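Peer 1: In case you want the letters, here they are:
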Amino acid sequence: MISVPLEKKVLGENDRIAAGLRLVLDATRTLSLNFIGSPGAGKTAFLERTLRMLPTGTRAAVLTGDIQTENDAVRLARYGYPVRQITTAGACHLDARMVEKHLVDWDLNALDLLLIENVGNLVCPTSYDLGEDGKVVILSVAEGEDKPLKYPGIFKKAELMILSKVDLLPYVPFSAELARECACSVHPGIEIIEASAITGEGFSQWMEWLERRMESKRALAVDYAGAIQ
Amino acid sequence: MHEMGIANSILEAVWKEMVRYPGYRPAKVDVRIGAFAGVDPESLRFCFEAMVRDTPPPRLELAIEPTAGDELDLGSIEMEEVLTA
Numbered sequence: 718m719i720s721v722p723l724e725k726k727v728l729g730e731n732d733r734i735a736a737g738l739r740l741v742l743d744a745t746r747t748l749s750l751n752f753i754g755s756p757g758a759g760k761t762a763f764l765e766r767t768l769r770m771l772p773t774g775t776r777a778a779v780l781t782g783d784i785q786t787e788n789d790a791v792r793l794a795r796y797g798y799p800v801r802q803i804t805t806a807g808a809c810h811l812d813a814r815m816v817e818k819h820l821v822d823w824d825l826n827a828l829d830l831l832l833i834e835n836v837g838n839l840v841c842p843t844s845y846d847l848g849e850d851g852k853v854v855i856l857s858v859a860e861g862e863d864k865p866l867k868y869p870g871i872f873k874k875a876e877l878m879i880l881s882k883v884d885l886l887p888y889v890p891f892s893a894e895l896a897r898e899c900a901c902s903v904h905p906g907i908e909i910i911e912a913s914a915i916t917g918e919g920f921s922q923w924m925e926w927l928e929r930r931m932e933s934k935r936a937l938a939v940d941y942a943g944a945i946q
Numbered sequence: 009m010h011e012m013g014i015a016n017s018i019l020e021a022v023w024k025e026m027v028r029y030p031g032y033r034p035a036k037v038d039v040r041i042g043a044f045a046g047v048d049p050e051s052l053r054f055c056f057e058a059m060v061r062d063t064p065p066p067r068l069e070l071a072i073e074p075t076a077g078d079e080l081d082l083g084s085i086e087m088e089e090v091l092t093a
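Sequences listed follow chains A and B, in order.
Going letter by letter, the first sequence gives residues 718 to 946 in this note's numbering.
Going letter by letter, the second sequence gives residues 9 to 93 in this note's numbering.
With the rest of the complex left out, here is chain B (with noise of 0.2 Å):
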C-alpha cells in the first residue's frame, strides 16, 4: 500500500544524482529488498513503472535484489553518458 511512497523516495534520490552528473542519463537503479521489509517488490515496481512513464528520466529501470533480512536499501544508480551531436 505504501509502495508509491517508497518509489517516490528512490525517484527522489536519483533526481538529486542527475543535478550531480550532467551530461548522463540513469539507466537503471538498484535496490535491495528484504523479506521482512514490509514491501511487497511486485507492487513497488507497478508502481515505480506508473510513475516513470510521466516522469523522468525515461527509460529508468528498477532492478530489485531480493534479500533475507529487513533491507530496504539503495545500492547504485547506472548512469549512461548522454551523446549529444
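Extracted from the complex, chain A is given alone in its bound form (with noise of 0.2 Å):
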C-alpha cells in the first residue's frame, strides 16, 4: 500500500478558472459582486432597482443566472445596460467556466461593474468561486430569521448582506433584529443594509456603499494594471 499525497483543492480546477478572471476583471479595474440568495429573496428586483439608480455614466452589466428561463435577463435588459443569461440547465448554482465562457466578447475594459446574479439557492453557490471581488447574500423579511444559522456557508462569505423586502415588515412576523444577531453570530462584523426594492428604502445606503466599492476598485486596479505590463 502507497499514500499518495493530494493537498489540493477538489474544486481547483474552477478555482483556476477564477483566479484567471479575476485577473482580468482586476486589470480592468472592473468590480465584480456576486449576489446569492434562495429563490424568491428578491435578488432580481433589487438588482433592477439598483441598475435604475446607477449614476448616469456607470458602465455595468449582468450576468444572471437560472436553471431555466431567460426570464430575469428580459427583466434586467429593460434599464439600458447588457445582460446575459446563463441558463445551467440544471446545476444549482454558477461556476467560474460558465462566467468565462459568458463574459466572451464582453470588452471588460469598458466595465466599471458587472453584477453576477447566481442561481436561487443558498447552499450550493456558496463552494464556487467565480473570481469576483465579493459576495452579497440577499435574505428576505419573508423567510427565516435563522437563515444565516441553517445556512452559515454563505453568511461567512459574504460581506454583506442586504435584508430585503423590508417594506413587509410590518405584515410579517419577523424581527430584523433577530436577523442581525444570527448573521453577526456566524459572521462577526457582516455589513448590513435593510432594503425595499419596491419603495427604495436603503437604497441609498446601498448606492454609497457600491460606490465606494467602485472607487477603491479603481484606485487598486491602477497600480496592479501598471505592474503587469
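Since the hints were made in silico from the structure, they are not lab data.
Values in this document were obtained by computation on a predicted structure and should not be read as measured data.
Please note that the accuracy of each hint is not assured.
Heads up, simulated PhoX-like pairs for lysine-lysine below, C-alpha to C-alpha not over 20 Å straight-line [as the list claims (entries may be wrong)]:
#1 K36(B) - K726(A)
#2 K725(A) - K24(B)
#3 K36(B) - K24(B)
#4 K867(A) - K24(B)
#5 K726(A) - K24(B)
Each chain sits in its own coordinate frame; assemble them with the hints.
Peer 2: Have a look at this one:
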C-alpha cells in the first residue's frame, strides 16, 4: 500500500479559472459582485432597482443565472445595460467556467461594474469562486430570521448582507434585530443593509456602499494594471 | 444538491493518479470538508457511492474528515498494489 499525497482543492479546476477571471477583472478595474440568495429572496428586483439608480455614465453589465428560462434577463435588460442570461440546465449554481464563457466578446475595459446574479440557492453557489471581488447575500423578511444559522457557509463568506423586502415588515412576524444577531453570530462584522426594492428604502446606503467599492477598485487596479504590463 | 459534481471532481482526481501509478489500485481517497464548505458529507457519500458502483475503480472508499473552516480539500489517495499471477 502506498499513500499518494494530493493536497489540493477538490474544486481546483474551478478555482484556477476563477483566478484567471480575477486577474482580468482586476486589470480592467471592473468591480464584480456575486449575489446569492434563496429563490424568491428578491435578487432580481434588487438588481433592477440598482440598475435604475446607478449614476449616469456608470458602465455596468449583468450576468444572471437560472436553471431554466430567460425571464430574468428580459426583466434586467429593460434598464439599458448589457445583460446575459446563463441557463445552467439543471446545475444549482454558477461556476467560473460558465462566467468565463458568457463574458466572451464583452469588452471588460469598458465596464466598471459586473453584477452576477447567481442561481437561487443558499448552499451550492457558496462553494464556487467566480473570480468576484465579493459575495453579497440577500435574505428577505419573508424567510426565517435563523437562515444564517441554518446556512452558515454563505453568511460567513459574504461581506454584505441585504435584508430585502423590508416594506413587508409590518405584515410578517419577522424580527430584523434577530436576523442581524443570527448573521453576526456566524460572521461578526458582516455589513448589513435593510432595503426594499419596492419603496427604495435603504438604497441610498447601498448605492453609497457600491460607489465606495467601485472607487477602491479603480484605485487598486491602477497600480495592479501598471504592475503587470 | 451539487454533491454529485463534487463527487465527480474527486473521482477525476483519482483517475489522474491511476494513470500515473500503473499496477496500483486506488483503495481509499481522503477529503477534508469544513463546516462552512456548503457540502453535506452524507449527501456527498451517497453520490460518491452511487458513482463508484458503475464507474472504476471498484471498491474505492471515501474517507471524510470534518474540519471547522471552509475546507473542501483532497488529502491523499491510498493505492494498493495489484497482484498479477
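Peer 1: Hint by hint, say whether it matches the structure.
Peer 2: Right, here's what the structure says about each hint:
Simply put, K36(B) and K726(A) have alpha-carbon atoms about 17 Å apart, close enough for the 20 Å limit, and the pair holds. Simply put, K725(A) and K24(B) have alpha-carbon atoms about 13 Å apart, close enough for the 20 Å limit, and the pair holds. Using a Cα cut-off of 20 Å, the hinted pair K36(B) and K24(B) holds, with the two alpha carbons roughly 14 Å apart. For the hint linking K867(A) to K24(B), the alpha-carbon distance of about 36 Å lies beyond 20 Å, and the restraint is violated.
Restraint check for K726(A) and K24(B): the C-alpha separation of about 15 Å stays at or below 20 Å, so the hint holds.
Checked against the numbered hints given earlier, this structure breaks only hint 4.
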